[in-house]
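These protein sequences, in sequence, are chains A and B. Everything in the first sequence is counted per the working numbering, starting at 2 for the first residue and increasing by one. Everything in the second sequence is counted per the working numbering, starting at 13 for the first residue and increasing by one.
Fair warning: there could be bad hints in the mix.
To be verified - So the derived list for chain A, only partly shown, Cβ under 8 Å to chain B, looks like this: (1) His30; (2) Tyr32; (3) Leu46; (4) Val51; (5) Gly52; (6) Gly54; (7) Asp57; (8) Glu60; (9) Val61; (10) Phe91; (11) Ser101; (12) Gln105; (13) Gly108; (14) Pro109.
Keep in mind the hints are simulated off the structure, nothing from the lab. For clarity, every value in this text was computed on a predicted model and none was experimentally measured. Note that CB positions come from ideal geometry on N, CA and C, so glycine has one too.
The lines below spell out each chain.
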Amino acid sequence: NAGVTQTPKFQVLKTGQSMTLQCAQDMNHEYMSWYRQDPGMGLRLIHYSVGAGITDQGEVPNGYNVSRSTTEDFPLRLLSAAPSQTSVYFCASSYWGSGSRETQYFGPGTRLLVL
Amino acid sequence: AQSVTQLDSQVPVFEEAPVELRCNYSSSVSVYLFWYVQYPNQGLQLLLKYLSGSTLVKGINGFEAEFNKSQTSFHLRKPSVHISDTAEYFCAVSPRVDTGRRALTFGSGTRLQVQP
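So that you can see chain A by itself, here it is in the shape it has in the complex (with noise of 0.2 Å):
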């Protein structure tokens, strides 16, 4: 049981290009979500998902993208990356039975600069 996934581990880009990072959970969980973790900020919530072909914005959602097209994968697509979003990224998965008591499982995290 890998848990929850994520790749790559470390990414540079530059101002316009495109990405998708990876996200994967093991568990059968129907709750995925992003989010973005900034110094002195903790961590802020992206995109979510509730299960397959389900989607929707959480707090800070602008400039990214993603879809939901199986249960176990979450990718998040930057389109034109910009140095604001130079970030440590997580991807969290959770069940969705009791609500928002579920813990949510986070992946390691990927770290992406944005020169």
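Starting from the known structure of chain A, arrange chain B on it as the hints suggest.
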């Protein structure tokens, strides 16, 4: 909307000493409360959570936290820390009424530095 304040950005402490990491929150609705730990270059791991019932919650690695509704606090404590407890600790809340978003609102984190 919710907000979480972790009053100390860094807490240095000697090994085997007790420690308290402070967390205060503000919310217009009732919330669940969580503490997560992040070891260097790793993701976040749940330490403990308060859902209901006893206000003293015990978690992994000897940590415990006490929910104080009147002071809107959820301080984390450990009676004797180890070098291996060196990490960043995040307090977080989520609303009890589940809108589907299930967003955790995090504090800015407290870096615990345990010295020999």
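Next on the checklist: Min Cβ distance, Ser101/A to chain B: is it shorter than 8 Å?
Outcome noted: Holds: closest Cβ of chain B sits about 4 Å from Ser101/A, inside 8 Å.
Item to check | Interface hint outcome for Tyr32/A [beta carbon to chain B under 8 Å] | outcome: Holds, about 6 Å.
Checklist entry - Holds or violated: is there a CB of chain B closer than 8 Å to the CB of Phe91/A? => result holds, 6 Å
Item to check | Hint status (Cβ of Glu60/A to nearest Cβ of chain B, threshold 8 Å) | outcome: holds, 7 Å
Item to check | chain B contact restraint on Val61/A - CB to CB distance below 8 Å | outcome: Not OK, violated: Val61/A not within 8 Å of chain B, min 11 Å.
Item to check | Hint validity - Leu46/A Cβ closer than 8 Å to any chain B Cβ | outcome: holds, 4 Å
Next on the checklist: Does the closest beta carbon of chain B sit nearer than 8 Å to the beta carbon of Gln105/A?
Outcome noted: holds, 7 Å
Item to check | Hinted contact Gly108/A with chain B - closest CB pair below 8 Å | outcome: holds, 5 Å
Item to check | Satisfaction of the His30/A interface hint, Cβ to chain B closer than 8 Å | outcome: violated, 12 Å
Checklist entry - Can Asp57/A be said to touch chain B, with a Cβ gap under 8 Å? => result holds, 7 Å
Next on the checklist: Gly52/A was flagged as interface toward chain B. Is the shortest Cβ-Cβ separation under 8 Å?
Outcome noted: violated, 10 Å
Checklist entry - Per the CB criterion, is Gly54/A less than 8 Å away from chain B? => result Cβ of Gly54/A sits 14 Å from chain B, so the hint is violated.
Taken one by one, the earlier hints fail for this structure at numbers 1, 5, 6 and 9, listed in ascending order.
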